[in-house]
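**Student:** Spelled out from the first residue to the last, the chains are:
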Amino acid sequence: MAYQLVGYAVFLPLAGFLFNGLLGRALKSEKLVGWIGSATVGAGFVIACMIFFQMLGSPPGERSHIVAVFPWITAGSLSVGFSYQVDQLSVLMMLIVTGVGFLIHVYSIGYMHGDRGFWRFFTYMNLFIFAMLNLVMADNFLLLFLGWEGVGLCSYLLIGFWYEKKFEKGTTADAAKKAFIVNRVGDFGFLIGMFLIFETFGSLSFQSVFAQASMLPTGSSVIFWVTLALFFGATGKSAQIPLFVWLPDAMAGPTPVSALIHAATMVTAGVYMVARCSILFVLAPATMEIVAIVGAVTALFAASIGLVQNDIKKVLAYSTISQLGYMFLGLGVGAFAAGVFHVLTHAFFKALLFLASGAVIHALHEEQDIRKMGGLREHLPVTYRTFLIGAIAIAGIPPLAGFFSKDEILWRAFSSGHWALWLVGFAGAGLTAFYMFRLVSLTFDGERRWRADAHPHEASATMTVPLIILAMLSVIGGFVGIPASLGGGNSIEHWLEPVFERANDKLTLLPHSVEPAEYILMGLSVAIALGGIMLARSWYLRRKEIPERIEAQKPAWYMVLLNKYYVDEIYDAAIVTPTIKGSEVLLWKIIDVRVIDWLVNAVAKALAAVSRAARLVQTGVAQNYVFVFLLGVVAVLGWLIAK
Amino acid sequence: MTISLHSYLGLSAILFAIGVAGVLTRRNVIVVFMCIELMLNSVNLTLIAYSAFLGEITGQVLVFFVMAVAAAEAAVGLAIVIALFRNRQTVNIDEINILKW
Amino acid sequence: MSVEATLFFVVGAFAIALAVLMVVQRNPVMSAIYLIGNFFCLALLYLSLRAQLLAVLQIVVYTGAIMVLVVFVIMLLNLGDEKRLTEQLDTKKIVGLVLVFGFLLEVLFIVGGSETEPMHAALHPDAATIGTVESMGTALFGKFLLPFELTSLLLLAAIVGAVVLAKRRVNTEP
Chain A
10 MAYQLVGYAV
20 FLPLAGFLFN
30 GLLGRALKSE
40 KLVGWIGSAT
50 VGAGFVIACM
60 IFFQMLGSPP
70 GERSHIVAVF
80 PWITAGSLSV
90 GFSYQVDQLS
100 VLMMLIVTGV
110 GFLIHVYSIG
120 YMHGDRGFWR
130 FFTYMNLFIF
140 AMLNLVMADN
150 FLLLFLGWEG
160 VGLCSYLLIG
170 FWYEKKFEKG
180 TTADAAKKAF
190 IVNRVGDFGF
200 LIGMFLIFET
210 FGSLSFQSVF
220 AQASMLPTGS
230 SVIFWVTLAL
240 FFGATGKSAQ
250 IPLFVWLPDA
260 MAGPTPVSAL
270 IHAATMVTAG
280 VYMVARCSIL
290 FVLAPATMEI
300 VAIVGAVTAL
310 FAASIGLVQN
320 DIKKVLAYST
330 ISQLGYMFLG
340 LGVGAFAAGV
350 FHVLTHAFFK
360 ALLFLASGAV
370 IHALHEEQDI
380 RKMGGLREHL
390 PVTYRTFLIG
400 AIAIAGIPPL
410 AGFFSKDEIL
420 WRAFSSGHWA
430 LWLVGFAGAG
440 LTAFYMFRLV
450 SLTFDGERRW
460 RADAHPHEAS
470 ATMTVPLIIL
480 AMLSVIGGFV
490 GIPASLGGGN
500 SIEHWLEPVF
510 ERANDKLTLL
520 PHSVEPAEYI
530 LMGLSVAIAL
540 GGIMLARSWY
550 LRRKEIPERI
560 EAQKPAWYMV
570 LLNKYYVDEI
580 YDAAIVTPTI
590 KGSEVLLWKI
600 IDVRVIDWLV
610 NAVAKALAAV
620 SRAARLVQTG
630 VAQNYVFVFL
640 LGVVAVLGWL
650 IAK
Chain B
228 MTISLHSYLG
238 LSAILFAIGV
248 AGVLTRRNVI
258 VVFMCIELML
268 NSVNLTLIAY
278 SAFLGEITGQ
288 VLVFFVMAVA
298 AAEAAVGLAI
308 VIALFRNRQT
318 VNIDEINILK
328 W
Chain C
621 MSVEATLFFV
631 VGAFAIALAV
641 LMVVQRNPVM
651 SAIYLIGNFF
661 CLALLYLSLR
671 AQLLAVLQIV
681 VYTGAIMVLV
691 VFVIMLLNLG
701 DEKRLTEQLD
711 TKKIVGLVLV
721 FGFLLEVLFI
731 VGGSETEPMH
741 AALHPDAATI
751 GTVESMGTAL
761 FGKFLLPFEL
771 TSLLLLAAIV
781 GAVVLAKRRV
791 NTEP
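Protein sequences, first through last, are from chains A, B and C.
Residues in the first sequence are numbered consecutively from 10, following my numbering.
Residues in the second sequence are numbered consecutively from 228, following my numbering.
Residues in the third sequence are numbered consecutively from 621, following my numbering.
Pulled out of the complex, with its shape left as it was, chain A reads as follows:
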C-alpha cells in the first residue's frame, strides 16, 4: 500500500540533509551534491504520485489514512507521535512541495554553480523540505508546529545564506534575523492557540480535536480566541497584515530560496493550517470575517506598493503578499477549496516568475534594478516566453491557471454577500495585471538600459527546463478547477470535499446553481485584467513620459507607495526601538546588574560571614573538644534516661 511509503518521503530529505551536511564540504563534485539533494525530493514526489494514484483508485470515503511512523511524546494525557495524516488535502500539498521543490532544486544546481557554499545551500534546502513535509502531513498540532518552526529556521538560514553580503541598511543576516523574529511573534499566537486547544479538547491530534469540535455550537468564545490566535500565527508565516514586513527583506536570499520558500511553500503554510482547521474557523464566524478582511486589505495594500518598486524581486515579493491575501480572502468567506486551489496555481506561476527573474539577474551579473534592464527579449528568449506566460497567468487571463482560482475566490466572496471585499479584490486584480506587465515591459521590452559589457545569454538546461515545465503547469494547471458555470466538473473542489465536509455542514452555503451574476463577474475580472495590461504596456512602451514625469515630480502618493507606506519605520519607532532601549536601561542595567548580581554576591558574602563566625569553634586546644564531647554525651544520656 503506497500510503506506508509516506514515512520515506518525509525522511529521505532529512537523510539528504545529513549526507550533504556532513560530507558535502569534502565532496568536491557539485554535481553529486546537487543531484543527491534533488533526488531525495524527487523520490518524495514519486511517492506522492504513487499515493495520489492509489487514492484516485479508492472510493472518496476511504481516502484518508493515518500512518504512524514512530511515537514522540507520551506524557500524562498528551500523546503525540510522528504520524502522518494522508488525505486529499495533505497529498495535494505534498505534491506541490515535492514537485515544485524538485524543479527548484534542479534549477539551483545551475543557479548556485560556483558558489563557495554550494553544499551548504543544498543541505539547508533539504532540511527545509523535511520540515515542510512534516508541516503539511502532520496529524497533530505539535508535529505541525515542529514543521512550522523548522521552516522558519530554514528560512533564516537561507535568507542569510550569503551572510556577508550587504543588503539595504545592513547585511543579509539582518534580513534573516528580521524574518525569524517577526515569525516568532506570530508563532507566539500559534502557541497560545495550541495551548487553548489542548486545554479545551484535551488532545492535540486533528482527528480528536475536529471530531469534538463538530459537536460544539457556533460562536463560542473559546473557539473565537483559538482561531484568532492561530490566525495571528498564520499572518506571521504567510506575511499578512500586520506581520508581512519580513517578506520583502527576505529577498536578500538567493532567488531559488525566494521561489521555493517565499512563494510556493513556506508562506502557504498559514493558508494550509487555516484550511486544515476549517471546522474550527467555521465555528467562529467573527474570526472568519477578520480573516477575509485582512486577506482582502492585504491583497490591495501589497499590490499598491508593488506598483512602484524598482527591484524585480521586490515587485514579486509584494505580489506574493498580495496573492496570499487572496487565498485568505477565499478561506475567510468559506471557500476553503478555492483558497487551496489558489495555493496550487500560485505555486506554479509564482515559482516560475521568481526562477525566470533569477535567470535575468544571472544573465545581467546580479543586476536587480529594472531601471537598468530592458530589451532582453532577443537575448533571453526562453526566459522571456516563460516569464510572459507566468505574468499572463497571474493577471488572471483565461484559460491560464490564475484565472480559474482567482475568479472562484472572487465569485464566492461576492455570492456570500461580501460585496465590499469583492470590490477590493477586484481592484487588486487590476493592479496585479498592471504591475506585472510593467515588470515585463521594463525588463524585456524597449531599449536596452544595461551595461555595455554585460553579455546576457540564456541559462543552462538545468535552469531552463524547470522554467518550461512550470510554464506548462501554469497553462494547464487551472483545468482541475473549472467551475460548473463553464461546463467543468470543478474536480479539485470535489476532490477536497471530504476534507472540508464538517466545515461545509456548518456553513449555510448557497446552492451551487449557476447564476448569471457569475458570468458578469467573470467578464468584469477579465476586463479589468486586460485593462491593466494595456495601460501598463501603453505607459512603459510607447508613452514613457508619463511614468517618467511621475518619478521626477515625486508626488505624495508616489512617495508613500515607494516607501511602503512607511510601515517599517513605524514599527521601528513604535516597537523595535522602545524594546531595545527598554531592555538596555531596565532589564540590563537595573535588574541584571543591580538585582541579580547583587543577590549572587550577597549570598557569597553571607556565606563568608557565617564561616568567619563558625570557624572560631576551632580553638586547637584538645581539651575544649573533649569538653564539647562530654556535653554531648551527657545530653544524650539524659535524654535516654528521660524516655
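Any given hint could turn out to be false.
In silico PhoX-like pairs for lysine-lysine, Cα to Cα no more than 25 Å straight-line [as the list claims (entries may be wrong)]:
no. : chain 1 : residue 1 : chain 2 : residue 2
1   : A       : Lys174    : A       : Lys381
2   : A       : Lys614    : B       : Lys327
3   : C       : Lys712    : B       : Lys327
4   : A       : Lys186    : A       : Lys174
5   : A       : Lys175    : A       : Lys186
6   : A       : Lys590    : A       : Lys186
7   : A       : Lys323    : A       : Lys178
8   : A       : Lys381    : A       : Lys553
9   : C       : Lys713    : B       : Lys327
Covered stretches of chain B, going by a simulated chain A footprint (3 or more residues, C-beta under 8 Å) [to be verified]:
no. : segment
10  : 244–252
11  : 317–324
No wet-lab data here; the hints were simulated from the structure.
Please read these numbers as outputs of a predicted model, since none were measured by experiment.
For glycine and all other residues, C-beta sits at the position ideal for the given N, C-alpha and C.
Place chains B and C on chain A using the hints.
**Tutor:** Chains B and C in isolation, oriented as in the chain A frame:
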C-alpha cells in the same frame, strides 16, 4: 551485701569520671595522657567483670587487645610529645594550639 | 560480710583514692606513682574476678612498660610542677567539672536502676577456667587469630612511628 556485676560497673564508672575530670582540668599534656590511661583501665575493668559474670572469654580477649593498643598508643603519643617539646619548649596544653583557625 | 566483699570494698576504695590523688597532684612524677598504685589495685580486682593472665599482664605491660615509659619521658623533659588547681580555675573548668559530676550521676543511675538478673548476681561457675592462660591462649590462636595478627602489625606501625617522630632532625638534605 553480695558483690554483683553492678558493683564492678559502678566502680568502673567512678574511675572513668575521675579520668574525665582529669582530662578537662589538667594543663600538663603528660598528665592528661595518664588520665586517658585511667579511663582505658576503667573500661578494662568493665569488660573483665562482664566476662567473669557471663562466662564468656570474649571480654578478656578484648582487654588483651586494648592493652596492646594502649601500649602502642603510649609509645606514639609520647614520641609526639617529645617532638612537640623540641619545637615549642612547652607541654602546656593551652599553648599547643597549632590547629587553631 | 564475706571475704570477697571486704576485699572488694577495700581495694576499690584504694583505687578511687589513688585516682583522685593522681588527678589533683601537681608534681607529674607523683601523679605517675599514684597511677601505678592504682594499676596495682586494679590488678587485684582482676584477680578477684578470676582473670589470672590479665592481672599479671596488667602489671607487666601497663605498670612495667607503659608507666615506665611515661616516667622516663617526664624526667627527660624535666617538667616542673603545675600551678595549684584553685589558681587556674575558670568558667570552662567549673562547668566541665559539673558536667562530669552530672555524667557520673547519670551512669550510676543507669547501672543502679536496672534489675539485678540472676546471672549478674554471682560469678559464673566457669569464670575460673576462663581466666587461665590456657583458655586465653586457645581463644587467641583460635577464634581471634586474625585480630591477634593484626595487632602485631599495629605494634610494628607504632614502633616505626615512634622512632620516626622522636628522631632528632638530621640536618643533611636527602
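**Student:** All hints are to be evaluated individually against the structure, with a verdict given for each.
**Tutor:** To see whether the hints hold, each was checked on the structure:
Of the pairs offered as hints, the one joining Lys174/A and Lys381/A holds, with about 21 Å between alpha carbons and a cut-off of 25 Å not exceeded. For a cut-off of 25 Å, the pair hint linking Lys614/A to Lys327/B stands: about 23 Å separates their Cα positions. For the given pair, Lys712/C sits about 18 Å from Lys327/B by alpha-carbon distance, which is consistent with the 25 Å threshold. Proposed proximity of Lys186/A and Lys174/A is supported: the alpha carbons are some 14 Å apart, at most 25 Å.
Of the pairs offered as hints, the one joining Lys175/A and Lys186/A holds, with about 14 Å between alpha carbons and a cut-off of 25 Å not exceeded. For a cut-off of 25 Å, the pair hint linking Lys590/A to Lys186/A stands: about 18 Å separates their Cα positions. Under the criterion of a C-alpha separation no larger than 25 Å, the hint pairing Lys323/A with Lys178/A is consistent with the structure, at around 15 Å. Between Lys381/A and Lys553/A the CA atoms are separated by roughly 15 Å; this keeps the pair inside 25 Å, and the hint holds.
Taken as a hint, the Lys713/C and Lys327/B pair is honoured in the structure, with Cα atoms around 20 Å apart against an allowance of 25 Å. With 3 residues bearing a CB less than 8 Å from a CB of chain A, the segment 244–252 of chain B meets the requirement of three and the coverage assertion stands. With 4 residues carrying a beta carbon less than 8 Å from a beta carbon of chain A, the segment 317–324 of chain B meets the three-residue requirement, and the given coverage holds.
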